[in-house]
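With these hints in hand, go ahead and build the complete structure from the sequences.
Each chain, letter by letter, is given below.
There are 2 protein chains.
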Amino acid sequence: MSKTAPANKIQNEKITPRSQDFARWYQDVILQADLAEAAEVVKGCMVIKPHGYAIWERLQAELDRRFKATGHKNAYFPLLIPESFLKREAEHVEGFSPELAVVTIAGGEPLTERYVIRPTSETIIGHFFARWINSWRDLPLLINQWANVVRWELRTRLFLRTTEFLWQEGHTAHASQEEAQEEARRMLEVYAEVAEDVMAMPVIRGVKTQAEKFAGAVKSYSIEAMMQNGWALQAGTSHELGQNFAKAFEIKFQNKSGTLDYVWQTSWGVSTRLIGALVMTHSDDKGLVLPPKLAPIQAAFIPIYRKDEERNAVLSKVHALAGELKKEGLQIEVDDREGFTPGHKFFHWEQRGVPLLIELGPRDLAADSVVLKPRDGGPKQTQPVEGLPETVKKLLDDMQTQLLSNARKRMAENTVTANSLQEVMAILADTTAEKGGGKFVAAHVRNDPACDAKFKEFKASVRCIPLKDEYDGPGDCIITGERVPQRVVIGKGY
Amino acid sequence: MSKTAPANKIQNEKITPRSQDFARWYQDVILQADLAEAAEVVKGCMVIKPHGYAIWERLQAELDRRFKATGHKNAYFPLLIPESFLKREAEHVEGFSPELAVVTIAGGEPLTERYVIRPTSETIIGHFFARWINSWRDLPLLINQWANVVRWELRTRLFLRTTEFLWQEGHTAHASQEEAQEEARRMLEVYAEVAEDVMAMPVIRGVKTQAEKFAGAVKSYSIEAMMQNGWALQAGTSHELGQNFAKAFEIKFQNKSGTLDYVWQTSWGVSTRLIGALVMTHSDDKGLVLPPKLAPIQAAFIPIYRKDEERNAVLSKVHALAGELKKEGLQIEVDDREGFTPGHKFFHWEQRGVPLLIELGPRDLAADSVVLKPRDGGPKQTQPVEGLPETVKKLLDDMQTQLLSNARKRMAENTVTANSLQEVMAILADTTAEKGGGKFVAAHVRNDPACDAKFKEFKASVRCIPLKDEYDGPGDCIITGERVPQRVVIGKGY
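Chains X and W, in that order, give the protein sequences.
Note that the first sequence covers residues 1 to 494 in the numbering used here.
Note that the second sequence covers residues 495 to 988 in the numbering used here.
In case anyone wonders, no lab produced these hints; they're calculated from the structure.
One thing to keep in mind: the hints can contain errors.
[To be verified] Once the Cα atoms are required to be at most 20 Å apart in a straight line, the calculated PhoX-like pairs of lysine-lysine come out as:
| hint | chain 1 | residue 1 | chain 2 | residue 2 |
| --- | --- | --- | --- | --- |
| 1 | X | K307 | X | K317 |
| 2 | X | K326 | X | K394 |
| 3 | W | K821 | X | K68 |
| 4 | W | K780 | W | K874 |
| 5 | X | K68 | W | K820 |
| 6 | W | K801 | W | K787 |
| 7 | X | K394 | X | K213 |
| 8 | X | K68 | X | K326 |
| 9 | X | K326 | X | K293 |
| 10 | X | K327 | W | K887 |
| 11 | W | K741 | X | K326 |
Here it is as structure tokens:
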């Protein structure tokens, strides 16, 4: 262990400390953890590298299982959408047309009807729903799609905002408004559960203001998370579409009383931006920190030896222990690479966010013990080899709980209430507390685009109207003076 | 059971018999099994419906597990490729440029550098490999991508040839030609294993002729399957790219002796076209037939009752038995829908290819038995409830074996040898044997585009030069008279 001790103290020079420049820290963590890199040759796009993609696969598995358990089925719709489709829903085209990538040539010929690359699929899916739905017996229709989408963004940032991103989009049709409302809320809750229970990232469940809702929706819900700099990140959205797209695409059904009616729809999505949220929720100045439930590698063994005879004994023990842990369903790596020091290996896995490093050297071998080093800053501990699977599982479970509790604490500490516009503005303007530091401000504000506009100058916005009012109920709007039922949450956002 | 008996005899009027029109039968099976439908509003595209997508998910799982077991990691690269990238490899651009979809406008502005939607990703991945690879220590680099691609096809057909399709594309870089060759062969073998062991579809492993190889490859391997009409379907390809793309994208590494060298690459892919292959290998005039290992639903219970008191007893037994089967890891559906007759339900699952239907009515309940009806045409059998999981597993295993053996037999019976061009032509011209009926013809043909061209008039081609020469060794080319080492396989193809 003495050999690895110095590694713990090496400052990772490739990662800018959070306190110095949060945005740069974020980018450094991603690059050093080898999650992704910018694809400069394709404007605003990124390459998701194997370690980043493995996290996405874990997220997909957790989400997909829950979608199926709530009765949804996966399907796949075309990437290309006739340009005319977008124009059928007025708000939708207005919202998305500035961001479209347009295919005008195909098979060597100019196209007579141009296609856009899907920025989202309400329109094309609406077209097929109209073909598939005839009667109330066909409802609810509960579909999910895993797909790539393209939105031409001016300012991009790895994972958070990229021209192309990966996501899932749920699209459902129901016989009544009530059922659609229930569905939108149910899927918001699924997202909140994955955020909190799997990503260890606490979220506020809320309703978007009229100014911030999805283009074409009647009502948008979101989960809002707080990053370590106090900024807000919209981590998932779920929309009640009402009958807007049903009317645009003629999605009608015969109801139980025999008359034709338009269906009620929802759509909901989360994307690879969740990985950005994950990074900014847990990571530190040494690099990535991953909650154990999402880590593609949950523990890595670092064998320590100098002489050849040590090597064989140590490696054989390490592989035997790794085998025991794998049998318990844990994701384990043995770093038996030659030509790298234990310190280098330690550093390598640390910046990639592996939750637990397990060192084993000749002295540990003699003592029938291992040294456990948790990634979240918990104490380095010597533990007996006996019962290692249980020790590791307990430690990972505790870490998962601790990460969520740390994040909850941070969110609580950085949420303040304010009772005047001046007070809100002062809080938003204050960046002295920490570099780029932000707060969630709970204030009474009317759900009116004119009110939302007030916060623009600080790149802040009304993040949501929380579903559960944890504050003090009704009050007077700090802008218009009108009575409003509860406080909203205002914050700077990604 | 008497209630369902008539259903067995109902001719599925919506499915054209194979003997009448094979192409139409294929389309009918897909539509009636609800696998997919044409997306007429987007030229040549299709919608993959839930049942079709569930089969794709099963295939993905089987492939992905094997890719990971052979050391590959998943990653994700941009959908859009700068148009100039394709031009860097001369054969590649020549092969793909007629099929490209081009984005010329994005974010409301004409683009100065146009993008093509990836038809395949050798170029964009080559660009990143050049950034990631420096030394022999970075090799081999073993990457796979699950993605959608677009190739603007004039004639499309559900699953077999669509403008957009889903696939995986493996891309690897190696320090030596030998390693790259081994990799290309290894992945061909993975494909053959999935085709035979999972899809129950026998394949011929072979090398493509120069005329048929991938645009930009040095050598292409394929697995070729025989459909029920005797036509060939290329089910997967694996390419040795040599140093072609390495030179085009400057992918160099420092080798062990310290000098710079270009890497040796491979690429390999299978796509949603495998679902088309599956349909045409096993299905019959009643609809889809799925090998149990790929069936999203392996067995469906059809409860039979008339009176209410029968209903409760039957359903409770059916759900209990379904629970037992699920515990064994089987994918089970209970069709307890109201308002549908058992005959209707039987028909419903039959045309969707569920391998086993399990009927249980009041008389079965009294006798502690169930009636099993295998989808592959095996005998209807009454079996005791006791030990049902074992009975069902055995039956599904046997069905899997039987389907492969049937397909092998068909391929053997429909493969003939020919020793003159005239003889080959006569066989290709003969469609009397069965509607659209085709044969694989083994003949001695030189690997030369001028020879390949001879078979075009019958829409036939040299499918491959088999890796394992199962025929009689060297012979004289039936076209040029030159000595060639072995027979090739010629057939009409999809």
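- Query: Of the numbered hints stated previously, which ones are contradicted by the structure, given in increasing order?
  - Reply: 6, 7, 8, 10 and 11
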